[in-house]
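Colleague: Sequence:
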Amino acid sequence: MTEPVIIAVPKGRILEEALPLLAQVGVVPEPAFADESSRALRFKTNRSDIDIIRVRAFDVATFVAHGAAQLGIVGSDVIGEFGYSELYAPVDLGIGHCRLSVAEPADMAAKDDPRGWSHVRIATKYPGLTQAHFEARGVQAECVKLNGAMELAPILGLAPRIVDLVSSGRTLKENGLVEVEVIEQVTSRLIVNRAGFKTRTDKVVPLVDAFRRTVAEAAA
Numbered sequence: 096m097t098e099p100v101i102i103a104v105p106k107g108r109i110l111e112e113a114l115p116l117l118a119q120v121g122v123v124p125e126p127a128f129a130d131e132s133s134r135a136l137r138f139k140t141n142r143s144d145i146d147i148i149r150v151r152a153f154d155v156a157t158f159v160a161h162g163a164a165q166l167g168i169v170g171s172d173v174i175g176e177f178g179y180s181e182l183y184a185p186v187d188l189g190i191g192h193c194r195l196s197v198a199e200p201a202d203m204a205a206k207d208d209p210r211g212w213s214h215v216r217i218a219t220k221y222p223g224l225t226q227a228h229f230e231a232r233g234v235q236a237e238c239v240k241l242n243g244a245m246e247l248a249p250i251l252g253l254a255p256r257i258v259d260l261v262s263s264g265r266t267l268k269e270n271g272l273v274e275v276e277v278i279e280q281v282t283s284r285l286i287v288n289r290a291g292f293k294t295r296t297d298k299v300v301p302l303v304d305a306f307r308r309t310v311a312e313a314a315a
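Numbering (my numbering), first residue to last: 96 to 315.
Don't take every hint at face value.
Said to hold, decoys possible - Lysine-lysine pairs mimicking BS3-like chemistry, simulated, CA-CA at most 25 Å apart:
#, residue 1, residue 2
1, K298, K268
2, K268, K206
3, K268, K240
4, K240, K139
5, K220, K268
6, K139, K106
7, K268, K139
8, K139, K298
9, K106, K206
Derived by calculation from the structure, the hints in this document are not laboratory data. Since we're looking at a predicted model, the values are computed, not measured.
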């Protein structure tokens, strides 16, 4: 019996937007998927040939790049940060809209001009994208890698600025920070393992086409 195709989805905000999209494509997770007390990570779906795994957003890219999952849903920020050559991102799903931005304390921003920066110290979980952005501007960036609670870095003196995802901006505001520069706009993409795209064409290609068709219909 052929192993099911595995779709990796991220925990959190993107998942809430991704589930209706999956349903439109014809993939509905088993009821246990909605059980918040469940510790399970792999789930059956209404299709015997498709399983879903629920992991951290950064891990979605890793599972798909290494072929442990054949498809995934993840933000363009994650794709850009890792730069995995094994990933193919054929469909912009038009969900998970946010932006990757530089932020700093409001009192600092009041007298600061990003155009005058020559060296910055920044706390972020996106050191790759951050370095590339500032290198392109001729600015030396010293990145302090954090996996969360970025807003604490300026407050506690770890780094005066942060680079993080911003949606409403509420978290920044509540921690006395303001956006001073947008690095890139972010949306969620369907990603595919390149090898899996070739070796499991009969399963993967129809799924990619279904996602593409669903997104196109929503935009029409």
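Colleague: Now tell me if each hint is right for this structure.
Modeller: These are the hints, each one checked on the structure:
{"no.": "1", "hint": "K298 - K268", "result": "violated, 46 Å"}
{"no.": "2", "hint": "K268 - K206", "result": "holds, 18 Å"}
{"no.": "3", "hint": "K268 - K240", "result": "holds, 22 Å"}
{"no.": "4", "hint": "K240 - K139", "result": "violated, 35 Å"}
{"no.": "5", "hint": "K220 - K268", "result": "holds, 20 Å"}
{"no.": "6", "hint": "K139 - K106", "result": "holds, 17 Å"}
{"no.": "7", "hint": "K268 - K139", "result": "violated, 41 Å"}
{"no.": "8", "hint": "K139 - K298", "result": "holds, 16 Å"}
{"no.": "9", "hint": "K106 - K206", "result": "violated, 38 Å"}
Against the hints set out earlier in the document, violations occur for numbers 1, 4, 7 and 9.
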